[in-house]
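So the chains spell out like this:
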Amino acid sequence: MVRIGIPRALAFYQYYPVWRTFFEKLGAVVVSSAPTTKQMLADGSKRVIADTCLPGKVFMGHVLSLVGNCDYVFIPVIRSVKPKVYNCAKFLGLADMTRAVIPECPPILEIDFDINKRKEKIYEDIYRMAAKLSVDRARVKEAVTASIKVNNEYRRLMADRGLTPVQAIDVMFGKSVEGKDIRVHSNPVASIALIGHNYLLYDEHVNHRILQRLQGAGCRVSTPEMVPEEILQSVVNKLLGRSYWTSEEDVVGAGGYYLDGRIDGVIGVTAFGCGPDSLMIDTVRRHASNLGNAPFMNLTLEEHTAEAGIITRLEAFIDMIKRRKRRTSCA
Amino acid sequence: MRVSTPHMGNLYIPLKTLFERLDMDYVIPPKNSQRTLSLGTKYSPEGLCIPFKLTLGNMIEAAELGADTMIMAGGYGICRLGNYAQIQEQVLHDLGYKAEVVQLGVSENKFAGLMNVVKHLSGDAPWVKIISGFRFGIKKMNVLDIIEREVQRVRSREKVKGSANRVYEQAVNAIDEAGDYRILNAATKKYLLELNNIPQDKQCQPLVVGIMGEFFVVLEPFSNLDIEKELGKLGVEVRRNTYISEWTNFNLLFGALKRFRHDKNKEIHRAAMPYLKCDIGGDGWESVGEKVLYSGKYDGLIHLAPFTCMPEIVAQNIMSSTKEQIPVLTIFCDEQMGKPGMITRLEAFVDLLKRRRQKEQSDLISLKS
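Sequence order for the protein chains is A and B.
Here the numbering used here is used: the first residue of the first sequence is 109, the next is one more, and so on.
Here the numbering used here is used: the first residue of the second sequence is -3, the next is one more, and so on.
Take the hints with a grain of salt, since some may be wrong.
[Unchecked claim] Quick list of in silico lysine-lysine cross-link-like pairs, DSS-like style, CA-CA up to 25 Å:
#1 A:Lys192 with B:Lys262
#2 B:Lys273 with A:Lys190
#3 B:Lys273 with A:Lys225
[What the hints assert, rightly or not] Covered stretches of chain A (chain B as the covering partner; in silico rule of three or more C-beta atoms under 8 Å from a C-beta of chain B):
#4 208 to 220
#5 238 to 250
#6 381 to 389
Hints listed in this document are in silico derivations from the structure and should not be mistaken for laboratory results.
Quick reminder that beta carbons are idealized off the backbone N, C-alpha and C, glycines included.
Construct the complete structure from the given sequences, taking the supplied hints into account.
Structure below.
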């Protein structure tokens, strides 16, 4: 059976169940790379120029770890998933960039996914990609239908049951029976929202287990996935008029939503060198200071980030929130 | 209403012509200076590129002069640039200026859209006036580019360094001041002749270096520390593909007419195809294509990009792996860049190109003998 490798980076957290279902229905075996390690990040960084963004370096590290373990690597070019809202240049050039910096990479299965094209054209692109695996069109169509169903189930698991993408994937593919709702916390000291790209929030190596650390400090943690997409979109529309970036909801949408006073503090997690982040987080920061409801902190992650620095900032943030709460309860 | 636009090379000259003909109150922001850059840097969000910082600096300085309407390129599906107008307007409001930033859709390729913006801003001027203003503005833009190309050629060959730059400055002023076609044509002729009369070393075969990369840093000399003049001093002939007239033609004005023109960009895209199959926003696709296209034709290439530019980073990652080889010097431009550092890099690069050429020639001779 043909083995298809999927790097555990970038769009993985958003679409892994969809991709896995699709390829399994086509009769392939899906191999995903292991969670990020220090070595992977170091290997990835060596291949690209220094100015490349952190998630890009992580992605290359994952592709490198798949070399030799699979027959194809699946690297979709996700141009646009909403009408006239586009992704950043790194996503658009991802497949070509991988080919350039990792010449030993197995053949790349790629598809230029652009929702602005006609529906038949999108299907045509999918058929063309699947032709490499020599399966007939009827079977591809079936696989697409099954993937769409899985996608809806995945979103529901995250929004309704409060699972993180990692937990939801485990539940869906039978690794664990029951995921724990990360929003449930007996007697939390503070409720904190993390906003940012899901490939930063759920990559434990890259973010130094920020989610677990907050939970360990007794905080109730919310993330963008726990809000239905329509609500995030409406917040974006209210703040900006329309989305500019594909990930606008995860940052500006979730930021605007959580800053509405329903939570004690918001932490923005951004990647060093991320173009869209620099603009989106600025919008959130401005919104936070205009509202004055809840404190907002931005953590920029990069490959040299020392753990101690992150811990100190988290502790200070939580202490500040505790003080704020004490003051308001006294007054 | 006082209208203003950020600087990009000589773009203010055709714009001034257009707005003056429409009797609009047009504020030219002070020339890009250290102050412009400092202001822009101070009020920019972290991690943004030098085009954002400089255009923001221009807007602040224009607002200080009373401008209340800024025209800025924008749109979707390009790079971050499409988002800039919105953020810059917010920054201006935070600073207390009641300025509006009008977006000009670069991505939509709608000539009509641009005309409508101008018609609206000019307080419903008659179409005849708008179109004649446009025509004259475009004429000036084209003439400026013709002169610039000539200057690039003469700079590398002139016997007294700096002569071409002096004539160029006079020419720009004369074109700026020209009030009608007759004066403009006369000025063009005069300065082309003057450039031609500069004593030149006719025998010399200067190194030819192509300049490519992101359009703003290529077209705005302040942001690239006058790299073309510096190369001219080193006796290098500069060629480039991106000129203001071409950039605006392709992006803003004649999108609808594009298919009737010989499209240079198509050739560049075709060259890039084996390495980068699609447009990634900005000029990333073009950078890869130009590297492939000009290897073997030029002695070397200088790739200019703003620091943190997303498309150019992708392009640079891909460029180093192409089969077609040519020396490329990538320079990331930002507010930290210093002139001596850049000149050292240019000198080293030019030395390398000279040695390569000598080696090629000696190889040729040994082959013949």
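The hints, checked one at a time:
no.	hint	result
1	A:Lys192 with B:Lys262	holds, 23 Å
2	B:Lys273 with A:Lys190	holds, 22 Å
3	B:Lys273 with A:Lys225	holds, 17 Å
4	208 to 220	holds (count 4)
5	238 to 250	violated (count 0)
6	381 to 389	holds (count 8)
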